[in-house]
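Next come the chains, spelled out residue by residue.
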Amino acid sequence: MIEVEDVWFSYDTHWILKGINLKLKKRRVYGIVGPIGSGKTTLAKHFNALLKPTRGRVLVDGLDTRQVPQHVVMSKVGYVFQNPCHQLFCSSVEEELKFAPKNFRREPDMSVAEFFSLHRLLSLHPFTLSTGQMEKLAIASVASYSPEAIILDEPTLGADEETLAVLKRFIHHYRERGNLVVVISHDVDFVLEVADEIIGMKRGRVEFQLPNTENVWETVRGLYG
Amino acid sequence: MGSWLKKVDARVKILLFISSMASIFLAHSLKTLLGISLIFSALFISNGLQKNLLDTLKKYIPFLALSFLLWFLYSNTSRAAFILFRLLNIILSSILFITTTTFTEIAFALNSLGLGPKVTLLLALSFQMVKRFQKEFEIIKEAELSRGARFDKFPENVRNGAHLVLPLTVRGIEAAEKLNIAINLNGFPAQFPKKRLKIGVQEGKTIAFLILLLLVGWLG
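Chains P and L are the protein sequences, given in the same order. Residues in the first sequence are numbered consecutively from 1, following the working numbering. Residues in the second sequence are numbered consecutively from 1, following the working numbering.
Treat the hints as calculated values from the structure; they're not laboratory data. C-beta: ideal position from N, C-alpha, C; glycine also. Nothing false has been slipped in among the hints.
Listed below are several chain P residues computed to face chain L (Cβ distance under 8 Å; list not exhaustive):
hint	residue
1	Asn48
2	Ser75
3	Gly78
4	Phe89
5	Phe99
If you anchor each label on the Cβ, the simulated ranges turn out as follows:
hint	chain 1	residue 1	chain 2	residue 2	range
6	L	Asn180	P	Arg203	35 to 43 Å
7	L	Arg159	P	Ser123	19 to 27 Å
8	P	Gly19	L	Met129	37 to 45 Å
9	L	Asn180	P	Val72	43 to 51 Å
10	P	Gln209	L	Lys195	50 to 58 Å
Go ahead and model the full structure; you've got the sequences and the hints to work with.
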């Protein structure tokens, strides 16, 4: 689904990503871990064409992100950002859920409202919701247009137990529907719980891409050493 | 190449900024404005800031083009070119100042130049909030883009731009609240460190450019 081929990226003279090679397949959950500044978010922003590589290329379903319009890639790869306040901008929960499907000319999947227990809150303004509900709405507003891949950037930040439980169920459910899920997080325990494969990053490079087995924890710990 | 202007005392840079603005408004001919642009170009190149300059200028092209068009329609080509170069020089001067001076430097420098601590802090925080808002704006725009919002054609760009207002306001209020708590916890009113102005080689070079700009603007 997503192929990253020798990707280098810089904003100016400093390389943030240095020769990244990855292959991400559907029906899998990938966890990207690594210290702050290792390039996790920068890499993930390449998956949905928010950023384009300075060198190398990213292919999404065979389409080169540098050569197709940004919204074509974005219709395939959804991105849930760190802070819910940054991604809720409509005047009601219902509008929020229908915003992306309308833009991508798709039928909104309103079952996500029920999945995230938002179905009774559809008429409310997003900023009147609790933090947990806002977090759920942020994910639901992306899932509602059913992208084939979804990126969750630090989804556990500030999440309570109940939100975490729903999040885990969602990740499992979304993968079972044949989609690709990428979780970027500092919460290694959470990533080890939900991911099928772990990608470790350090100083702009991929240090490893390993299946999530019992021994992987030691390797992950090495990233933070 | 490193930027020598970054090492110059902020008070001298403030004077350079004021002088450059004065010379831009003193200039009465297109040739003079072109001369001022050349001096700015020399400053950018000698500080290795060409890339910053080009990246920022790209964003101003529509604004400059619109201004040229309006002046061309209401006046004539030479007047439109004059205004275009005046605006360009104002932008160049501001970019040079912003890219070589930090907010803290500005605050300390203004305080040394006699501004009261309350006003200094207020100004420094306002500068910081502008930068913060710019960053917040980019993040929210990215989120909208990711959900299929278009900013490349009319009227979608206006409609989607309006969506940014509410989250920006909420984030702004949040940031202001946090700032207020931080200022109180840090025991405002703060005492800004006093530093004596030393005129070194870099300051000397800056003053030379400052005089050159004023002379070109005044004589031109």
